[in-house]
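Novice: Sequence lines, in order, name chains D and W. So that you can map any letter, position 341 of the first sequence is 341 in the working numbering, and since no number is skipped, the others follow by simple counting. So that you can map any letter, position 96 of the second sequence is 96 in the working numbering, and since no number is skipped, the others follow by simple counting.
One should not assume that every hint holds.
Just so you know, same-sequence chains aren't split out, so a pair can sit in one copy or run between any two.
The calculated lysine-lysine pairs, modelled on DSSO-like cross-linking and capped at a C-alpha distance of 27 Å, are [unchecked claim]:
(1) K269 / K423
(2) K355 / K11
(3) K303 / K11
(4) K92 / K114
(5) K74 / K192
(6) K99 / K432
(7) K427 / K79
(8) K33 / K79
(9) K114 / K282
(10) K99 / K79
(11) K92 / K426
(12) K308 / K192
(13) K43 / K432
(14) K423 / K44
(15) K114 / K99
Worth flagging that the hints you see were computed from the coordinates, not collected in a lab. Computed from a predicted model, the values in this text were never measured in an experiment.
Protein chains: 2
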Amino acid sequence: MLSLAMETVRKVAQESKESSYRLQCMPLEKRNKALAAIASELKKRKTKIVSANENDLANAEKTGLAKVLLKRLKYDAHKIDESIRSIESLIKQDDPIGKILDSTELDKGLILEKVSCPIGVIAIIFESRPEALVQISTLCIKSGNAVILKGGSEADQTNKALADAIIDSIVSIDRDFDGTVQLLSTREQIKKLLELDDLVDLVIPRGSNELVRSIRESTKIPVLGHSEGICHTYIDEEADVNMAVRVSFDAKCQYPAVCNAMETLLVHKDIASKFLPKMAKKYAYANVEMRGDEKTRRHIKVKPASEKDWSTEYNDFILSIKVVSSLDEAIDHINRYGSHHTDAIITENVLTARKFLDIVDSSSVFWNCSTRFSDGYKYGLGAEVGISTNKTHARGPVGLEGLVIYKYRLYGNGHIVADYSGKDAKKFTHRKLT
Amino acid sequence: MLSLAMETVRKVAQESKESSYRLQCMPLEKRNKALAAIASELKKRKTKIVSANENDLANAEKTGLAKVLLKRLKYDAHKIDESIRSIESLIKQDDPIGKILDSTELDKGLILEKVSCPIGVIAIIFESRPEALVQISTLCIKSGNAVILKGGSEADQTNKALADAIIDSIVSIDRDFDGTVQLLSTREQIKKLLELDDLVDLVIPRGSNELVRSIRESTKIPVLGHSEGICHTYIDEEADVNMAVRVSFDAKCQYPAVCNAMETLLVHKDIASKFLPKMAKKYAYANVEMRGDEKTRRHIKVKPASEKDWSTEYNDFILSIKVVSSLDEAIDHINRYGSHHTDAIITENVLTARKFLDIVDSSSVFWNCSTRFSDGYKYGLGAEVGISTNKTHARGPVGLEGLVIYKYRLYGNGHIVADYSGKDAKKFTHRKLT
């Protein structure tokens, strides 16, 4: 039974790989046509998809799924329209593949090009949110990658309806899309898939930290994912107090459930007496639970913060606050306890800001603005694969550019290496072409 | 005892991490000064280093190390001079960090920059060749990374002498280089280091396929490495026969011990009778052992090739040969049996060439030239970290650009996200700045 499952999964991955080779040279026109077909098919099947989702919702309610998860699971007509709009804007985006990134003449008639190209086969494992299925499949198609999808079991019927719509549309445009999008349905299958590092080139988990961690631990395939979002705002001694209050309020309160919301506020000791009472008043209005270190509690009456608070992602109206003696202490705290996601400084001093932006080792470092700006849409990247806290390949909000890599093409005219060695060796010119 | 070892290794990695933060904003001038100091120190300590290497060589001979490994282990005055020259050329290279890769106005006064920056802490595990220690440490210093080194135990004394020279030189330039270069000496320590995915950002193994594979299997840290080099040359029916012979000879014979040498020759059936006898004659002169499939053996008298030959990296004067019926068959063979390293086509037909270059899924794809050109120095990248067969981060010959990543910097003036949502929401401009 197990070996049969393995065979099935290997067959899926093999078809995916073959399809990925066909995609390598598929013209942009055809990829965009496939995207347009998906948008129109989603419109046509709206009722069917919504009713599949209603079934999932009813089943989930029966099994007692938490309210916040039910909300994520919901995929109604309004959300389908959003998905369609997002596909339409994806069609308008530049082709991410086939870009000449670099071109060098190695010698007369020997020209090297570095060209962007698809990665190959991408496995996407996501929880709840059915819109992720549409968003990520379409990003993969635009960038010429084949994709193997696995959603949460609570969304089974919705995912099936969406995957069917996508597969039917693209295959109707060209049979070369056979195998480009495939859906797996069981955990057992994903376990098998994660073993196939000879066929799958990249795994992107979209969901909880636990999901990302467990996948990292169970595969040799590169994983593009995020760890937690423990984001900081540091109020420097030379901060504009009004700006500091305004920005820190937004960073915590504008939408606390997301990874780019601030979790810890760091305050320079010399501005604490001016800043903290004003800030605390504003947070108190919004019912933010504040937890401060000892020095903080000299200025405002809040609960004490424990060591554990510095490395906790609340995703809620809770905030830890620490008074620091210097810029260096703030930076050390962020690099030590943070998750290298997004961290901001509020200061009027450009040199202080520069040092903070240089040394804080996070994918996004901000000066005088809210951490909540850290997001693919706000950055103008178009749709987003996710926010990566990796230190290699792609970091921060990742759009299409995280789904491509490059290859080198060398055009010669019978050139051989023997001519460039020994006596009378020819010399390389290494002339940069634009 | 074991937990003590773990503590030591964690301390090393921790120091490395702290040093990496100091390097994030170290000016190019100082990094180049450190490189110059290393070059001059290597010159001064030449006798000492050579004598350490002679001890290693003597010990290795006693333990019966294979001749080819002894040759790799040798690091004499001549090789030291080569290392020095390579450092001098590295000093001249552009700064790989601090480059503005992209710049966007999100809204008036809210400017986003994507800036190249160091990765952080890089662990390098290499076998034999002591010059790799110098080359990779200096590449890491140039790109602002801290590096933890582990060489083969047969080169212990040489590695120690080289690491001492490097560390003494850079620390003499600035104490901020404390911990930038560190040397581990036991396998046990490496095992521990590979567990520290919270401190080490990237592992680069330089050595045999077995080394690379065993490291991939034992760590969650991203690995930048190569698999084998099973490189192909495909002789299309529209090839210039003389060019095909000349290039295929170079690809196999110019230096067969390296990963970019050709291992399998694919020949279109309609050119086989013209090409194969001529080619075989030339290979026979060079004592190349040819192994052909059944169709090949209709044209030339050679040993039969087995299924295993198609996926074997000989690194020797041995070659497998297969006759194919079409371009598609050639491409399928390469994508199936190859190692996605370097593959070439010989043809006069530009459309045939284009299809080959598009669909062959290798980091380097060549038209009418020898696979032996696949190399960082020949590509004009300067010194090389290695050749990567990864599908993410860095692919093909990897120079300094494989040691950097990017961060996003956002400069605001009190901007908050609340202003961009709800009624009267401000709109993003997303204007590309150059």
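Novice: Work down the list of hints and note, for each, if the structure agrees.
Specialist: Hint check:
1. Neither within a single protomer nor between protomers do K269 and K423 lie at most 27 Å apart by alpha-carbon distance, with minima of 70 Å and 38 Å respectively.
2. In this homomeric assembly, K355 and K11 come within 27 Å of each other (Cα to Cα) only across copies, at 26 Å, whereas the closest approach inside a single copy is 52 Å.
3. In this assembly of identical chains, K303 and K11 lie within 27 Å of each other by CA distance neither inside one copy nor across copies; the values are 57 Å within and 34 Å between.
4. For a Cα distance limit of 27 Å, the shortest separation of K92 from K114 qualifies both inside one copy, at 24 Å, and across copies, at 23 Å.
5. Neither within a single protomer nor between protomers do K74 and K192 lie at most 27 Å apart by alpha-carbon distance, with minima of 29 Å and 45 Å respectively.
6. Proximity of K99 to K432 under the C-alpha cut-off of 27 Å is found in both arrangements, the shortest distances being 16 Å within a copy and 18 Å between copies.
7. With identical chains, the CA atoms of K427 and K79 are at most 27 Å apart between copies only, with a shortest distance of 21 Å across copies and 61 Å within one.
8. Proximity of K33 and K79 under a CA criterion of 27 Å is satisfied intra-copy only: 22 Å inside one chain copy versus 57 Å between copies.
9. When the C-alpha separation of K114 and K282 is checked against a cutoff of 27 Å, the pair qualifies neither within a copy, at 53 Å, nor between copies, at 33 Å.
10. For the identical chains of this complex, K99 and K79 are neighbours neither inside a copy (33 Å) nor across copies (39 Å), given an alpha-carbon limit of 27 Å.
11. Proximity of K92 and K426 under a CA criterion of 27 Å is satisfied inter-copy only: 23 Å between copies versus 47 Å inside one chain copy.
12. Taking the shortest Cα distances, K308 and K192 sit within 27 Å of each other only across copies (26 Å), while inside one copy they are farther apart (36 Å).
13. Taking the shortest Cα distances, K43 and K432 never come within 27 Å of each other, neither inside one copy (49 Å) nor across copies (33 Å).
14. With identical chains, the CA atoms of K423 and K44 are never at most 27 Å apart, being 71 Å at best within one copy and 31 Å at best between copies.
15. In this assembly of identical chains, the alpha carbons of K114 and K99 lie at most 27 Å apart whether taken from the same copy (8 Å) or from different copies (19 Å).
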